[in-house]
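Undergrad: Sequence:
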Amino acid sequence: MLQLLMSPRTARTVRGLIGTLADAVRSVTNPAALVERQAEPAPVEPAGLYTTDDMPPLESIEAAALGYDLAADSARSADRAKRKHRKLLDRLPAGTYGSWLVRRVSSSRQTVDLDAVRVIFKTHGLGDVPMRDTAPSLRVERIDTPAAVETLTEVTV
Numbered sequence: 001m002l003q004l005l006m007s008p009r010t011a012r013t014v015r016g017l018i019g020t021l022a023d024a025v026r027s028v029t030n031p032a033a034l035v036e037r038q039a040e041p042a043p044v045e046p047a048g049l050y051t052t053d054d055m056p057p058l059e060s061i062e063a064a065a066l067g068y069d070l071a072a073d074s075a076r077s078a079d080r081a082k083r084k085h086r087k088l089l090d091r092l093p094a095g096t097y098g099s100w101l102v103r104r105v106s107s108s109r110q111t112v113d114l115d116a117v118r119v120i121f122k123t124h125g126l127g128d129v130p131m132r133d134t135a136p137s138l139r140v141e142r143i144d145t146p147a148a149v150e151t152l153t154e155v156t157v
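For the sequence shown, the numbering used here assigns the number 1 to the initial residue and increments by one for each residue that follows.
Since the hints were made in silico from the structure, they are not lab data. For glycine and all other residues, C-beta sits at the position ideal for the given N, C-alpha and C. You may find that some hints are simply not true.
SDA-like, lysine to any residue: derived pairs with alpha carbons at most 20 Å apart [as the list claims (entries may be wrong)]: (1) K122 with V112; (2) K84 with A94; (3) K87 with W100; (4) K82 with L92; (5) K82 with S107; (6) K84 with V102; (7) K84 with Y97; (8) K84 with W100; (9) K82 with Y97; (10) K122 with T20; (11) K82 with W100; (12) K122 with G16; (13) K87 with R104; (14) K122 with I18; (15) K84 with D73; (16) K122 with G19; (17) K122 with R26; (18) K122 with V25; (19) K87 with V102; (20) K84 with S74; (21) K84 with R104; (22) K122 with R15; (23) K82 with R104; (24) K122 with A22; (25) K87 with V105; (26) K84 with A72; (27) K82 with V102; (28) K82 with R103; (29) K82 with A94; (30) K87 with R76.
So the derived label-pair ranges between C-beta atoms look like this [what the hints assert, rightly or not]: (31) V28 with S60: 55 to 63 Å; (32) M131 with A63: 34 to 42 Å; (33) V112 with T52: 39 to 47 Å; (34) V28 with L70: 49 to 57 Å.
Model the full structure from these sequences, guided by the hints.
TA: Dropping the structure here:
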């Protein structure tokens, strides 16, 4: 019985119930705190954007957008191919297979252990762990504008 109460699944369930209870109490005592936590931040313009005077010619922008779009398509295709082949390779034990060596190596990347940071914050009564948004993603897509349609019509006629 004691093992059942000590299992990770039970601990997660208890933590979830405590979190729900804390939110319920907070909604009665300070309802604005729940809304403040969910508020969306205003979009931030990245630094280093072109000014009106420094803008490159439209042809350069269109060429860069086309190159970026083609490279993104190639990257997506390559990622799909890697995932397909990795399904087989991930299940192989380390070893030599024909002229290929399959092995696993430790990554040199490190990331913050958020569970440990949460424990430290809770122990010292510092509240929630502060988080920030990641950098905005660049999205480029082709659109049909009236000028582009007129240009296509003139060329094909």
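Undergrad: Does each hint hold? Answer for all of them.
TA: Status of each hint after checking the structure:
1. K122 with V112: Distance ~16 Å between K122 and V112 Cα, so the pair holds.
2. K84 with A94: 19 Å, holds
3. K87 with W100: 16 Å, holds
4. K82 with L92: 15 Å, holds
5. K82 with S107: 18 Å, holds
6. K84 with V102: 16 Å, holds
7. K84 with Y97: 18 Å, holds
8. K84 with W100: 18 Å, holds
9. K82 with Y97: 18 Å, holds
10. K122 with T20: Judged against 20 Å, a Cα distance of about 17 Å means the pair holds.
11. K82 with W100: 16 Å, holds
12. K122 with G16: 16 Å, holds
13. K87 with R104: 15 Å, holds
14. K122 with I18: Holds. K122 to I18 sits at ~14 Å (cutoff 20 Å).
15. K84 with D73: 17 Å, holds
16. K122 with G19: Since the Cα atoms of K122 and G19 sit roughly 13 Å apart, the hinted pair holds (cutoff 20 Å).
17. K122 with R26: 17 Å, holds
18. K122 with V25: 18 Å, holds
19. K87 with V102: 13 Å, holds
20. K84 with S74: Holds - the C-alpha atoms of S74 and K84 are around 15 Å apart, at most 20 Å.
21. K84 with R104: Within the cut-off at roughly 18 Å; holds.
22. K122 with R15: 13 Å, holds
23. K82 with R104: Holds, because 16 Å separates the two Cα atoms, which is no more than 20 Å.
24. K122 with A22: Distance of about 14 Å is within 20 Å: holds.
25. K87 with V105: With Cα atoms ~18 Å apart, K87 and V105 stay inside 20 Å; holds.
26. K84 with A72: 18 Å, holds
27. K82 with V102: Measuring from Cα to Cα gives roughly 15 Å; hence the hint holds.
28. K82 with R103: This hinted pair holds, its Cα atoms lying about 16 Å apart.
29. K82 with A94: 18 Å, holds
30. K87 with R76: 17 Å, holds
31. V28 with S60: 55 to 63 Å: 59 Å, holds
32. M131 with A63: 34 to 42 Å: Once the Cβ atoms are compared, 38 Å apart, the range 34 to 42 Å for A63 and M131 holds.
33. V112 with T52: 39 to 47 Å: Holds, at about 40 Å.
34. V28 with L70: 49 to 57 Å: Distance hint for V28, L70 holds at roughly 56 Å.
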